[in-house]
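> Modelling step: build the complete structure from the supplied sequences, incorporating the hints.
Protein chains: 2
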Amino acid sequence: FLSCASVHSFHALPPQSTNIDQSIDQSLTCDGWYGVAHGCTRKLGMKICGFLQKNNSLDEKGRIVGAFSQKQQLVSELGEREQRFRRTETDFSNLFARDLLPAKNGEEPTMQFLLEVVDILTNYIRKTFDRSTKVLDFHHPHQLLEGMEGFNLELSDQPESLEQILVDCRDTLKYGVRTGHPRFFNQLSTGLDIIGLAGEWLTSTANTNMFTYEIAPVFVLMEQLTLKKMREIIGWPNGEGDGLFSPGGAISNMYSVMIARYKYFPEVKTKGMSAAPRLVLFTSEHVSKHPQSSHYSITKAGAALGFGKENVILLSTDERGRVIPADLEAKIIDAKQKGYVPLFVNATAGTTVYGAFDPINDIADICEKYNLWLHVDGAWGGGLLMSRRHRHKLSGVERANSVTWNPHKMMGVPLQCSAILVREKGILQGCNSMCAGYLFQPDKQYDVTYDTGDKAIQCGRHVDIFKFWLMWKAKGTVGFEQHIDRCLELSEYLYNKIKNRPGYEMVFQGEPQHTNVCFWYIPPSMRNMPDGEERRERLHKVAPKIKAMMMESGTTMVGYQPQGDKVNFFRMVISNHAATRSDIDFLIDEIERLGHDL
Amino acid sequence: FLSCASVHSFHALPPQSTNIDQSIDQSLTCDGWYGVAHGCTRKLGMKICGFLQKNNSLDEKGRIVGAFSQKQQLVSELGEREQRFRRTETDFSNLFARDLLPAKNGEEPTMQFLLEVVDILTNYIRKTFDRSTKVLDFHHPHQLLEGMEGFNLELSDQPESLEQILVDCRDTLKYGVRTGHPRFFNQLSTGLDIIGLAGEWLTSTANTNMFTYEIAPVFVLMEQLTLKKMREIIGWPNGEGDGLFSPGGAISNMYSVMIARYKYFPEVKTKGMSAAPRLVLFTSEHVSKHPQSSHYSITKAGAALGFGKENVILLSTDERGRVIPADLEAKIIDAKQKGYVPLFVNATAGTTVYGAFDPINDIADICEKYNLWLHVDGAWGGGLLMSRRHRHKLSGVERANSVTWNPHKMMGVPLQCSAILVREKGILQGCNSMCAGYLFQPDKQYDVTYDTGDKAIQCGRHVDIFKFWLMWKAKGTVGFEQHIDRCLELSEYLYNKIKNRPGYEMVFQGEPQHTNVCFWYIPPSMRNMPDGEERRERLHKVAPKIKAMMMESGTTMVGYQPQGDKVNFFRMVISNHAATRSDIDFLIDEIERLGHDL
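Protein chains in written order, with my numbering: chain H, 616 to 1213; chain C, 616 to 1213.
It is worth saying that the hints were derived from the structure and are not from the lab. Some clues are possibly wrong.
One copy or two, either will do: identical chains are not told apart, so a pair holds if it fits within one copy or between any two.
Think about it this way: if two alpha-carbon atoms lie no more than 25 Å apart in a straight line, the pair counts; the simulated DSS-like pairs of lysine-lysine are [what the hints assert, rightly or not]:
hint : residue 1 : residue 2
1    : LYS924    : LYS878
2    : LYS719    : LYS1181
3    : LYS886    : LYS951
4    : LYS924    : LYS1059
Here it is, written out as structure tokens:
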């Protein structure tokens, strides 16, 4: 009954043992166990795991064969397997990429190799969630470039053995940063979601692209359904509209500017920017000034698309980092008086540093009044739409013409996963299609309106949807909501913990809108210093010093930066589903431990 | 000696068996084998595979313990494991995403779940290389949307069990297209490289981005070294220059246009296109006309970046699809006479349809004469640089200012992996940095010149380098060369097979330059038809009909399209390392089988 197809498929490797009984005996008694544990059984384990599990007919067949024949079969199977695995046991040092599939007899080494890689990965995953593991093992660039004990980054002409490749895989992880560690708070994208990870493993195994339904039927439909669901959550009637997953928030925002331009000045597509008057774009000063911010993307888009950086007008913000609507209106009027044409306003839902939400409804009123395109950059804050408790922070988002929303940030989806969502159907195609009304291979046997290639500025487009779709299936909408609520509760916990704690100053007052908590740590030696240039200069160096020590000790990671006239401060963000209150406590303890003597 | 750390880490799940002997007996005798095979042994297999393999201290410890204690230990370990696995055996239907890590006691179900996913994936991989497996199991969009026996694409509010998630994974692969199948010839990117796949699994497990050295130290250095190696291969002195991996050839080409503009008209970055005269770009008509072509990207870039489609001037080509240099020069002169400013010439190394290589040296002469930026789009043909036999087709590439080269096409690297390479150092940063001379967090403790965020139009940037780096390590430069040579030999075989075969007409004469072989199949009923409109109309429908039947039968896939005034023809391309002459023979047989009665 064990003779399933997967075993039979090994015909290329006939059993070589002439004494099956002996080998099975070796497997099943403790005599000679070392060899078994290290050789046969270990490999047998892999074998069973890899090949026998999915034998669906096991059940029926098992019932109709007698005990004796079962035993015979078992003996013969184990004998076969043992031989096979003994044969490959010491092989990685003599095996090369060329011995793997599609090579003749490549199936066996391929499976061995992949399972060995999976073993490396699962061990990495286990340790990532173990707080006794370091977040990183820091080395300077020159150290890694010089080579670390057997880990040599240089590429060579001749192939290396699979054993070396496995070492390289281990070392690559060893010298990297555990972004899924419960104490990694350095980026907006943190955490290691197991379902999302499984989704990404499958995506890379499927190895296709989103260009046409023909080559990615399931993924294209998943994208369509998921984007519709996201539009429903935004609040567009019946989830109508359009959209795409793009390689990140900056490109999603770039799409929004392109589409806005196409909507108001479609001739630019053909004739270039000279066919339009001087167009201006508006966005928060809080999203554009920061070198470390990923949200100077509107300015980058302005420069790339031919508007020019100086035609991206920065809007003043209040003390919490939110755009002041009156300032927007004043700047629109000012631009018009100069003869420029206001085109596009970006309202940020969740700024990079403060986590501020611009007042979308007020901005939407102004956009309606002056007939401007309203884009909401919810790369970071869009996830809050999943939470009944927090979605009010994006009130008015349904009035936007387009929305950027990165599930790879607040929703914990593995990188990359960013959506550009557009309210008006057809405009994405109109803007980016180079075929001018010519239908995309209308002689295909399926409905080619499902093909997405014509909407994108990309051609081959990576499958970013599957991991997200799978996570949604596995968690449900409620699971995302719980994740969001939990992260925001944690940041509230941090805020409450430090707001009155000696040695801390908040960068802005009041509860954070998002999970961003911005603060200075003041070492004891500075606590009685009078405010002034000297204190500012010293304080500016505190966060970088603590961060450097954190990285050297590898215990935790959190970002810092200056903002406007404010000297370097810590920006704490929480998007990691593994983080708990104890990790927040740890972070604060660590900052105090490292910063105490500064 | 089996008490390795990984076993001890299971403290959260204490053994529950009160009769260890009984359970070990059940495992090791054939009595009750069904239960063992389906339960304990299967799971034991997974367990061993997942946790015991890497026990490096096994060796030493094994030598110093006696046989008796070995046996005791074994019994106790197996007893423990059996209990544990029995407990989780039926669990996937009662397990949910929330039970996985970082959940308390989540390690066990996480490992079980991931190994189950890996089992699905490894089975998929094995079948992909098995020619008795179909390339695809075609369904129309409406069929998949309506739901296929338990496969429902709709997302819901409540979570689904992990059992359903595993079913979804299986079904996603089942209804997809096997792009790694030896008979999948539909795209420029085909094949499933095992090393590359392992690299991508690791990349998604590491789940970081390329923004800074801080969060991707190893990957940032790998990118730097690999880009340098690619520049050396292009022929730039000492491999000097700059570059980035971008999300695909279209974006790489877009970078080249942006950099060219910044080089000659840096004020456009600040002031927009109105600060420049009317700029024109030149590219082959062969790369711009095709709806299915991924290489109308220069035109897309022209439209997006504010040049306007009509300022992308298409160059005439010879009968083989190669740009005619004299036509370029005439069009440059013409543009200048009209008062336009020629800026940029794209020479295509490997067009999408014909696989044509533009004469780079002749084009470079003209670019030098008129002081234009020369970009070589080697998205498809760049891989030939790895082959001593074929790299002459890109002669002159070292004279280019920038080069696009997609390892995810001809070099068989999994999607996405595209490089933009630039000869002048610093210009990528100058073009895309928004920080205007302000150093990127100069207070970091490491050398921040390794940070790449400022060079890119993206912010978060996916790690595309690792799989490529790992493949290069594993194959060596010589391995890529062999792959390229082999694919070109195969296409030569195809060309020789059909060039004089009854029922075939070549779209262009002479041996193909790349692996592209373009041909019409003429069904017997049409072979005596006189040339004319009626024949053209009928012939136009032949390839689509055969392709539709191919997809319905799922046996193979190859692309078709019209080109200029040429009606639909088959475009065969070979980049798949699994393809052999027998697969070429199969394709031809299949075309004849399906097309015979048309």
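> Among the hints numbered above, which are violated by the structure, and what are their numbers in rising order?
2 and 4
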